[in-house]
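Undergrad: In order, the protein sequences belong to chains U and B. Residue numbers 230 to 341, in the numbering used here, belong to the letters of the first sequence in order. Residue numbers 38 to 151, in the numbering used here, belong to the letters of the second sequence in order.
Source of the hints: derived by calculation from the structure; they are not laboratory data. It is possible that some hints are incorrect.
[To be verified] With a straight-line cut-off of 25 Å between C-alpha atoms, the simulated DSS-like cross-links for lysine-lysine are:
| hint | chain 1 | residue 1 | chain 2 | residue 2 |
| --- | --- | --- | --- | --- |
| 1 | U | Lys271 | B | Lys81 |
| 2 | B | Lys64 | U | Lys271 |
| 3 | U | Lys300 | B | Lys64 |
| 4 | U | Lys297 | B | Lys81 |
| 5 | U | Lys297 | U | Lys271 |
| 6 | U | Lys266 | U | Lys333 |
| 7 | U | Lys266 | B | Lys64 |
Note that the structure is predicted; figures quoted are calculated from it, not measured.
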Amino acid sequence: GESVGLHLPTLSVQEGDNSIINCAYSNSASDYFIWYKQESGKGPQFIIDIRSNMDKRQGQRVTVLLNKTVKHLSLQIAATQPGDSAVYFCAADNQAGTALIFGKGTTLSVSS
Amino acid sequence: NAGVMQNPRHLVRRRGQEARLRCSPMKGHSHVYWYRQLPEEGLKFMVYLQKENIIDESGMPKERFSAEFPKEGPSILRIQQVVRGDSAAYFCASSPEQGQKTQYFGPGTRLLVL
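Can you make the complete structure from the sequences, with help from the hints?
TA: In structure tokens form, the structure reads like this:
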């Protein structure tokens, strides 16, 4: 079946460092990818998304890179801040385009 | 501009009771999705609805679970005869129209079955 997985369950960084969170997906037909941030007790919060016709997209302090050849995407957070501490999920659309398939999440811990 | 709203935020039920979870999509959104999240896990898709129509229910358990999105009012996820394994966080998301794939999530309903 279709799956999305994250490479590392946890990532610890110092404040000010750049963070990179990686994700792999299985369905080469996936057309849409999205990153969410989830803080404890809250719902997933949209960070950034990218379609398969692009390989890079930038937002404020965040960049998503998509490598369709190896079915890999990454989220880069520049100048990580303590407020960035959360669980980060990548997701890809399913073959029917009717749902998002989520990975398990990477817990980012930022220390001052 | 209110986001996706869900209520109740917390729900406690005893085994065998019914649970009703409500979701109001963002203003202008006509597509609703329900997901379930177990502790330490990612979200698992359950069902995708448009007004008065179920589009994809491939993630819904075959028994005890049902969902609706009536012409008026919120979307409802209904779980009959709850069991302890139903304890989870249930999230609703909405998107504006087909082709707009970004889904915006609500705060979730945390269901605890005693």
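Undergrad: Next step is simple, just say for each hint if it's right about the structure.
TA: Structure-based check of all given hints:
For the given pair, lysine 271(U) sits about 16 Å from lysine 81(B) by alpha-carbon distance, which is consistent with the 25 Å threshold. The straight-line distance between the Cα atoms of lysine 64(B) and lysine 271(U) is roughly 20 Å, inside the 25 Å bound, and the hint therefore holds. With a C-alpha separation of about 35 Å, the suggested pairing of lysine 300(U) with lysine 64(B) is violated against the 25 Å cut-off. For a cut-off of 25 Å, the pair hint linking lysine 297(U) to lysine 81(B) stands: about 24 Å separates their Cα positions.
As the CA atoms of lysine 297(U) and lysine 271(U) are separated by approximately 31 Å, the hinted pair breaks the 25 Å bound. As the CA atoms of lysine 266(U) and lysine 333(U) are separated by approximately 12 Å, the hinted pair is consistent with the 25 Å bound. For the suggested pair lysine 266(U) and lysine 64(B), the alpha carbons sit about 22 Å apart, so the restraint of at most 25 Å is met.
In summary, the structure is inconsistent with hints 3 and 5 from the numbered list given earlier, while agreeing with the others.
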